[in-house]
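Residue numbers (our numbering), protein chains in the order written: chain X, 944 to 1459; chain Z, 19 to 183.
Keep in mind the hints are simulated off the structure, nothing from the lab. Please read all numbers here as calculations on a predicted model, not as lab measurements. C-beta atoms are modelled at their ideal positions from N, C-alpha and C, and glycine is treated no differently. Just so you know, not all the hints are guaranteed correct.
Okay, the calculated beta carbon distance ranges per label pair [stated by the list, open to error]:
no.: 1; chain 1: X; residue 1: L1407; chain 2: Z; residue 2: I181; range: 47 to 57 Å
no.: 2; chain 1: X; residue 1: V947; chain 2: Z; residue 2: E100; range: 52 to 62 Å
no.: 3; chain 1: X; residue 1: L1422; chain 2: Z; residue 2: V171; range: 49 to 59 Å
no.: 4; chain 1: Z; residue 1: P150; chain 2: X; residue 2: E1174; range: 17 to 27 Å
no.: 5; chain 1: X; residue 1: P999; chain 2: Z; residue 2: K107; range: 40 to 50 Å
no.: 6; chain 1: X; residue 1: G1292; chain 2: Z; residue 2: V76; range: 23 to 33 Å
no.: 7; chain 1: X; residue 1: E1359; chain 2: Z; residue 2: V159; range: 21 to 31 Å
no.: 8; chain 1: Z; residue 1: G48; chain 2: X; residue 2: E1172; range: 30 to 40 Å
no.: 9; chain 1: Z; residue 1: A103; chain 2: X; residue 2: G1086; range: 43 to 53 Å
no.: 10; chain 1: Z; residue 1: R170; chain 2: X; residue 2: V1069; range: 31 to 41 Å
no.: 11; chain 1: Z; residue 1: K107; chain 2: X; residue 2: R1045; range: 31 to 41 Å
no.: 12; chain 1: X; residue 1: V1200; chain 2: Z; residue 2: K124; range: 53 to 63 Å
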Amino acid sequence: MVNVEALQEALILVLAWKTMMWLAIGVFIGVGVGAMPGLSASTGIALMLPLTFTLPHASALGLLIGLYKGAVYGGSISAISFATPGTSEAAATVFDGHKMMRAGQGRKALLMALYASITADFLSDVITILIAPLLALVALEFGPSERFWLMVLAVCLLGALSGAHLAKGMLSAAIGLYVGTIGIDPISSVSRNTFDLWWLAGGVKLIPLVIGVFAMGAMMEKAVEIVRENERAKKFGGIVREKLTVTGEGLSWKEYVSCWREMSIGLGIGTFVGMLPGLGSTVGAFMAYGVAKSAYPEKKIGTGVIEGIAAAEAGNNATVGPTLVPLLAFGIPGSAAAALIGAALMLQGATPGPRMFELFPTVIYSLFLILLIGNVFNLFIGRLFAFIYAKLGELPAPLLVPIVMMMAVIGSYSFENNPYDVIVMLFFGVMGYFMRVLKVPEAPMVITFLLAPQAEENIRRGLLIQEGDWSAALFNSPLAIGLAIAVVFFTYLSTRLRMAERMEEITHEVEESDKA
Amino acid sequence: MDGETANADKRAVWLRTNQGVGVVITVMIGLLLLYLSQQDWVFEKLRDGFQLGFFTIVSAFTMLACSLAMIFDGHKRQSDKEMAAMDRKDFTVPAIAAAVCFIYFKLAWGFDFLLVTPVFLAVGVYVLGIRPIRKCVISGVIITVIIFAMFRVIGISLPSFIIPA
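When you get a sec, could you build the whole thing from the sequences and use the hints?
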């Protein structure tokens, strides 16, 4: 049932000029972040997260969702212009996009990327708006033990599907669970895992953690890369980058419509992949590209045609809205970006989950409206500035590193004016760096960190209800038993089928066949 | 001597495989488990029947199982491109970056953001290869002013005696 009063209130809040301004700023920054190689949507959102607690909820959501949408699209700009995807999700766009650029059809390629992104993003947002409340209704029937097992299931899926190595994905999730238990236990007031450091008594805060892992860690990686490149350049002379300019004719309506099959493939795959915890937009883009290529061989996808761009870009942007479905329906973020948006909601006092539809209907409606309106901003900002953003890839990377590091320090400190948060951020920056180098995915760690207190709360609630009986607390209904069996089944299945490796193989196959 | 060098090289290569990394992580988790075994709260049972260290133990043993899996599973000999290229820089650059950021934080918040930040940015971009130095200084000053103004607009005051809040 639609809460008309809350919807009206949300409309007033969202259509206020301040919200529109923050949404525009978010998209504007996001497209830039996406277009700059080395920065990702997660880095951008993590850096902007501390700013949101000074903003009203609609403005905060506008900034972050706008940034997320813009960044996922923005990656295609440098993928097409320089064959260097600004973000990993745009890697599949390089195959056709850069070939078109070299053939003097850069303008057409950029416009196809924009229109395919917006179309798939908008339609997947509509699906999100329809599905999330229905799933939330189901989730409301869950008790503490069912909720606990659902979280365990999500963590297992995340660990199994993130990255190519199951052990590393699960290791990351376990680290997140451990870090989530640091600090004073809220019920018994006993300090846990503080290593006798008094300033850890309050626990590790989300903001320094995410800024450390996603922003500082990424910049440390970039700094090492630059130091190595500088050495290579000294030895072998400067690194020459092919310079191309965006030229050629635009995209006609007929050409856009002719790609409807590829966009539909991208929409279907992206929406499904986006809802599953752990897969994300990169997998969405590569799968959509691979399926479109094998389904329509006559279109010669991979040789520099708009259909390839349409499939890949629809595939990655179609994950943006659906990635919020598990967050809104079950309170379980399915990706790093969803975790960060969930964190922003928590900062606003609205804990994501099925009860949010009852307790904070205005926030939910605002979020839905922003998801839809964000596409309009993405369309206009992308259309007006794509050719200017294409120049961003030429910005020297050394300029980026100190700026982001400075922003990371400011963001982690200004959140609570706590100098120890800076230390925590730097610690997780170093940790995030090594996770990147060792190919341990970061997203399971952050998501499990967010889920740990909720999982603990649910199991304790279950124990209280069942008067300390663990087996009754864990398996008090057929659904809880079913979910527990699903955890064992999926863990076994992911070990046997090596699902993440297969996803990686699909990506490699697509890359190899395109090189050939 | 040549044999020793070859052995050292082999060890260095092995350390960059999943198996080598798994061994290092296992040792670290072993130390963590040792620390946990000496903590009373880990085994403390509350009135509701919940053991305070339940999730800590679950996470520590899951980490241990994963690190052991890295040593023995089918990927044990694998070494990704970045892992294979690891050298001293992978430890020194992040450590120096973290230390410099901390010093920057102490100086900027203890002294003046507007004076310290341009120096931090100019030195940072210079060290990372931007030339000439004039370009570094100008970009440092411009970026500082933009960031300072941006934060002022959104209501976050960065410390400055030159332009107080």
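Taking the hints in turn, this is what the structure says about them:
The hinted window of 47 to 57 Å between L1407(X) and I181(Z) holds, with their beta carbons roughly 54 Å apart. Between V947(X) and E100(Z) the CB atoms are about 54 Å apart, so this pair conforms to the stated range of 52 to 62 Å. One distance hint, 49 to 59 Å for the beta-carbon pair L1422(X) and V171(Z), holds here, with the actual separation near 50 Å. For P150(Z) and E1174(X), the hinted distance range of 17 to 27 Å is satisfied, since their beta carbons lie about 20 Å from each other.
Between P999(X) and K107(Z) the C-beta distance comes to about 45 Å, which sits within the given range of 40 to 50 Å. Between G1292(X) and V76(Z) the C-beta distance comes to about 30 Å, which sits within the given range of 23 to 33 Å. E1359(X) and V159(Z) have their C-beta atoms about 29 Å apart, which keeps the hinted 21 to 31 Å range intact. Evaluation of the 30 to 40 Å hint for G48(Z) and E1172(X) yields a pass: the beta carbon distance comes to about 37 Å.
Hint check: A103(Z) to G1086(X), Cβ distance near 50 Å, so the stated range 43 to 53 Å holds. Taken as a hint, the range 31 to 41 Å holds for the pair R170(Z) and V1069(X), whose Cβ atoms sit roughly 39 Å apart. One distance hint, 31 to 41 Å for the beta-carbon pair K107(Z) and R1045(X), holds here, with the actual separation near 34 Å. For the hinted restraint 53 to 63 Å between V1200(X) and K124(Z), the CB-CB distance of approximately 59 Å keeps it satisfied.
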